[in-house]
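All chains should be modelled from the sequences, with the hints used to inform the complete structure.
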Amino acid sequence: MTTTTHTTATAPAALAPVEGTHQVRRRRRLAPGKRLPATRLVGPAVVLALWSVASAAGLLDAGAIPAPWTVLETGSRLWSAGTLPNDILTSLQRAATGFSIGLTVGILLALASGLTRTGEALIDGTVNLNRAIPTLGLIPLFILWLGIGETFKIAIIAIVVYIPIYLNTHAALSGIDSRFVELAEVQGLSKLQFIRQVVIPGALPGFFVGLRLGVTGSWLGLVVLEQINATSGLGYMMFQAQNYGQTDVILVGLVVYGVFGLISDSAVRIVERRVLSWRRTLSS
Amino acid sequence: MAPHTEQLTRPAVRLRGLTRSFEGRTVLDGIDLDLPAGQLTALLGHSGSGKSTLLRAIAGLDHGVAGSGQLTAPERVSVVFQDSRLLPWRRVLDNVLLGAEGKDAGRKGREALEEVGLKGRERAWPGQLSGGEAQRAALARSLVTEPELLLADEPFGALDALTRIRMHGLLRELWERHRPSVLLVTHDVDEAIVLADRVLVLEKGRIGLDLTIDRAHPRSYRDPLLGEYRERLLAALGVTEDHR
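If you read the sequences in order, they're chains L and D.
Quick note on numbering: UniProt numbering labels position 115 of the first sequence as 115, and the sequence is numbered without any gaps.
Quick note on numbering: UniProt numbering labels position 10 of the second sequence as 10, and the sequence is numbered without any gaps.
Quick caveat, the hints were computed from the structure, so don't treat them as lab data.
Among the hints, a few may not be true.
One side only, chain L facing chain D, incomplete, derived with CB under 8 Å [unchecked claim]:
no., residue
1, 178
2, 179
3, 180
4, 186
5, 187
6, 189
7, 272
8, 278
List of simulated lysine-lysine pairs, DSS-like, C-alpha gap at most 27 Å [unchecked claim]:
no., chain 1, residue 1, chain 2, residue 2
9, L, 191, D, 103
10, D, 103, D, 119
11, D, 108, L, 191
12, D, 108, D, 119
Even glycine gets a Cβ: it sits at the ideal position worked out from N, Cα and C.
Rendered as structure tokens:
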């Protein structure tokens with residue numbers, strides 16, 4: 001016990017501090033407080049409000065940044081005219097087809113490479129080489145090979161998607177905890193049981209990281225492809241609008257891209273939370 | 001100490017001239033050992049004395065380790081590790097049933113969980129269990145396969161003192177009911193004395209002391225007669241009065 005005495009002026013009379021001790025006060029909390037629901041929407045809502053107010057007050061050049069309601073009007077006009085649904089459908093088809101191919105290829109290559117030494121020798125280096133080349137830099141070559149139609153667009157999206165899925169899944173498959181391998185040996189699992197009950201479930205968290213990157217990648221690839229090499233789709237719509245100075249149409253396109261990006265990312269997150277529900281027990 | 005049960009039962013585990021070495025360093029140096037069927041044997045030793053190497057050799061888990069000698073062990077062997085090693089993505093019952101086959105496996109798994117006091121926790125995730133509960137589940141997993149030989153590698157080493165004492169009782173109880181041969185690797189002298197009928201001390205890659213503990217169960221940690229065994233074991237481990 002030290003000789004320093006803490007004199008706390010606020011100590012209640014009922015509990016007089018013993019010499020050498022002092023009244024305990026709760027320490028100042030350093031972590032931010034509890035998170036309120038839906039608080040993430042506050043920032044975007046403030047931006048939208050500022051935009052509306054500035055437009056209404058005439059502070060913004062309507063030619064450069066049209067008012068939110070103008071964008072909405074244009075959107076509903078394009079929708080009822082039938083061009084917007086058509087463009088959205090084309091873009092969605094491209095993204096979905098490219099994504100599905102990329103997903104399948106990414107998973108198959110990761111399994112072949114993560115579960116067999118031969119596969120690893122053949123595949124892993126090749127994919128990493130592929131990764132070193134910026135995929136969008138392949139566009140000119142792919143146009144010459146596959147023509148300027150749908151095929152090359154889907155091929156580019158598939159490449160953008162498969163790389164993160166492969167890399168993360170492969171890392172997760174080959175990084176399986178050696179203690180679990182030992183356990184599987186002790187419990188007498190067959191190779192197939194080991195892969196199905198230990199390796200694949202253990203690699204799922206890594207796969208989902210790759211999946212989310214792949215979903216984002218598919219939209220990124222789509223935007224680039226449609227803005228430079230398309231004759232239909234959302235990007236084409238925006239490209240045309242640029243030629244005619246229709247900023248409202250460009251904004252409609254951006255909003256649609258944003259909405260689809262958000263929806264697809266949330267969908268993956270929901271699936272992830274379901275499949276990996278056991279993980280919540282670790283963090284809580 | 002006479003190996004009193006040797007004539008009655010054939011040995012479950014037989015080691016002859018078992019040698020293992022890592023990168024030229026001899027860890028096990030020609031061990032000859034018989035573990036009679038149905039006996040609970042404890043294996044003591046310093047860290048690095050080769051206890052785990054011996055256990056892993058008997059379990060057949062020492063891939064790529066250089067060595068020679070003869071080794072026979074039963075068909076059905078279970079291992080309990082220091083960590084519970086439950087797969088976090090399988091519920092407790094599914095963890096217990098890992099590798100178990102047959103249509104009544106589910107029933108056996110539930111029974112094993114009930115035996116270790118985890119009835120009602122079948123659907124829990126391993127992440128929701130305490131350290132002691134997780135180790136109980138690991139014990140249940142090792143029982144489901146009805147092992148003839150149970151190898152336990154410091155199974156209580158990561159538990160707190162109170163939980164450890166409770167687990168000692170559970171292990172002894174399970175052993176009495178199922179009677180597998182048990183090799184319990186530990187560095188805890190008291191644990192060995194309270195649980196085992198025979199205590200081996202591994203010293204410089206050989207069995208330095210082979211002690212039969214002829215006291216009735218359940219044993220108390222405070223039994224003064226066990227003190228004599230403790231002294232002998234501590235002496236064999238090189239712990240003398242001036243170390244304490």
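Inset, instruction - List, from low to high, the hint numbers that the structure doesn't satisfy. - result: 1 and 7
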